[in-house]
Structures are given as structure tokens and as C-alpha cells.
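Colleague: Residue strings, one per chain:
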Amino acid sequence: MEHDNNNDPLVIGGSVLQSRLFVGTGKYGSDAVIPEVCRASGSQVITVALRRVDMRAATGNVMQHIPKHMRLLPNTSGARDAEEAVRIARLARAAGCGNWIKIEVISDSRYLLPDGYQTARATEILAKEGFVVLPYMNPDLYVARDLENAGAAAVMPLGAPIGTNRGLRTKEMIGILIEEIGVPIVVDAGIGRPSEACEAMEMGADACLVNTAIATAGDPVAMAMAFGAAVRAGRQAFLAKAGPVLCGGADASSPLTGFLGEA
Amino acid sequence: MIIRVNGEQVECAENMPLRTFLEGRGLDVRSVVVEHNRSVVMTDAWEDVRLADGDELEILHFVGGG
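These protein sequence lines map, in sequence, to chains A and B.
Heads up: the first sequence at position 87 corresponds to 133 in the numbering used here, and the numbers run straight through without jumps.
Heads up: the second sequence at position 59 corresponds to 56 in the numbering used here, and the numbers run straight through without jumps.
Keep in mind the hints are simulated off the structure, nothing from the lab.
All values derive from a computational prediction rather than experimental measurement.
Please note that a few of the clues may not be correct.
[Unchecked claim] Not the full set, but computed from the structure, chain B residues with beta-carbon under 7 Å of chain A:
1. Asn34
2. Val46
3. Ile56
4. Val60
Backbone N, C-alpha and C fix where the C-beta goes; we use that ideal spot for every residue, glycine too.
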């Protein structure tokens, strides 16, 4: 194996990605910082949302700030059932941003937790239509299997509720998905700190999607850089395979013989 | 005649091409995607779609999101 991760691409839907950090475009104080965030993070995948145009007020166009090399991952946020998610996905593709789609089906507005059944239904329909489907999901093994069977190109389990910066609260469950699910695991939502993204990658997650933690940082560009480094470090640690954990006692790293003054 | 645009009633001349309507609203036509009566209308078909009384339009664009 190579001793670096320069030759460790992530393949999703037949596309080869060198970066395992996906970034979002929501919540920035100014969208003008987005190109710098893309550069600093090294990310190649970026999420956007689709909303009604405000016919009364001129609004900015987030697309003008997204570098051309980035792969767009539109989400279906706002969808409350599978039909609405499918409708948004078709609109996004018609808008000319490719065939990747992040399925988000949410009818719970307090915790914004995804509906697994509706998500699987939408995934099945869209995968058959040729979309590369990345569903946002609770880290539930049965839902993940349904999504995989429905044709998901990856699954995106949440670490904590959206936008909370609370970290990897679902670590044990994500660990099960990493063991059991064949498609890439992209930890999405809740990651608040680079160390948490690093931990997810060390565990064997294939990628992380980070929006709020970067967008709401005091210095989003510096935080984007930190997340990029953390995801690379975590991936490299995973590939390096950590040594065993010793429970009880100690195991000297230095030889326990040949001390000065030994008889 | 009256059509519904993004959920609101709007006065519109009969048989107006969709393209004429959209351009008349000052929209940057390169950055929006349009649904006419629940069907996506690709940009090159905007000229062909003629608006009729009671039609529904959804006009959407990309915004920041995660």
C-alpha cells in the first residue's frame, strides 16, 4: 500500500474524487467567501438547494460563486414526501447541474430528522431515472440496506441533527453501517469540529459533508482548511490501521532490559 | 386572464409565450428553472409554451444549502 493517500480516490456513481470532504453553501455571511472555502478545503463536491424565486426582490445567485470544477450536489430540502423529492430532483437536473442528487425528505420540523421510508421510495424512483442518488438518512442499518437495494450511490448518515455542530452522536450506529453497507458512507449533518470529521474518517467513513461548522466559524476559510486536513488525516489513519488498544496494565515501548546498573 | 406564479395570482395576457412572460418579469433566464402545470419546461421550449387562464408556474433557482 502507498504510504500516502494521494492515490486513494473515492468513487461515487462512477466519478473519481480525490477529496473526501464535501462542503455546503448555506449560512455564509457572504456567499463571496465560497470560492475561497472551496480552495482551502480542497473539496470537489458542493451542495446547493432549490427554492422559489422571490418575484418582488432581486436576490443573489449562489451559483456565480461556485468554482467551475466543483461537482454540484443539489439537495431536495423542503421535500416532505417522496413525490416532492422526485419533483425537486427533476427540476434540479433540468436546471443543468448534472445528475447527482442528495435526497432529503423531512416532515419533522423540530429535529429535521429524515423519513427513511419516503427517502427509500424517492431513491428507487430517481436511481431508475439515472440519477446518482445520495440519500440523507438516520444511521439505521435496515434503512441503509433499503437505500442500497434501491440503488443509492452512497448513503449519508447523520452524526447529529442538522446544523447543531454537536458532533458524532451516532458514532456506534455509523460504525455498524461502515461494517455492513457496501456503498460509500458519507457522514452528513452535525459535525461541528475538524476532530469529529477526523474521527469519522478514522472509523472508516468514506467522506464527510460539512456545512454549518465551516459557514458559521469565525474564519470560514481557515476552518475549511482545517476540515480538509482533518479528513485527510482521518482517512490516512484508517488506511494505516491503528494498533491494538491494551486494557489494563501497560506495555513498554522501550526495552525492559539492559538498564544502567543492572546486575 | 389570471395565472398562478409561485403560489400567487398574476395578471397575464392570453396566449403569451412563456419566454416573453419570464423576460418581462426581469428574471435572469439563465439562472432559473420553470415548471408549467407541474411539468419541467426546458429553456429551449420556453418559446413554444403558451400561457392559458388558470395555468400554474413554479419559477425556482438555486440558493445556498447543505
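Colleague: Run every hint past the structure and note whether it holds.
Modeller: Do the hints match the structure? See the list:
1. Asn34: violated (13 Å)
2. Val46: Violated - the Cβ of B/Val46 stays beyond 7 Å from chain A, reaching only about 14 Å at its closest.
3. Ile56: holds (5 Å)
4. Val60: This interface hint holds because 5 Å falls under the 7 Å limit.
The structure fails to meet hints 1, 2 from the earlier list, while all remaining hints are met.
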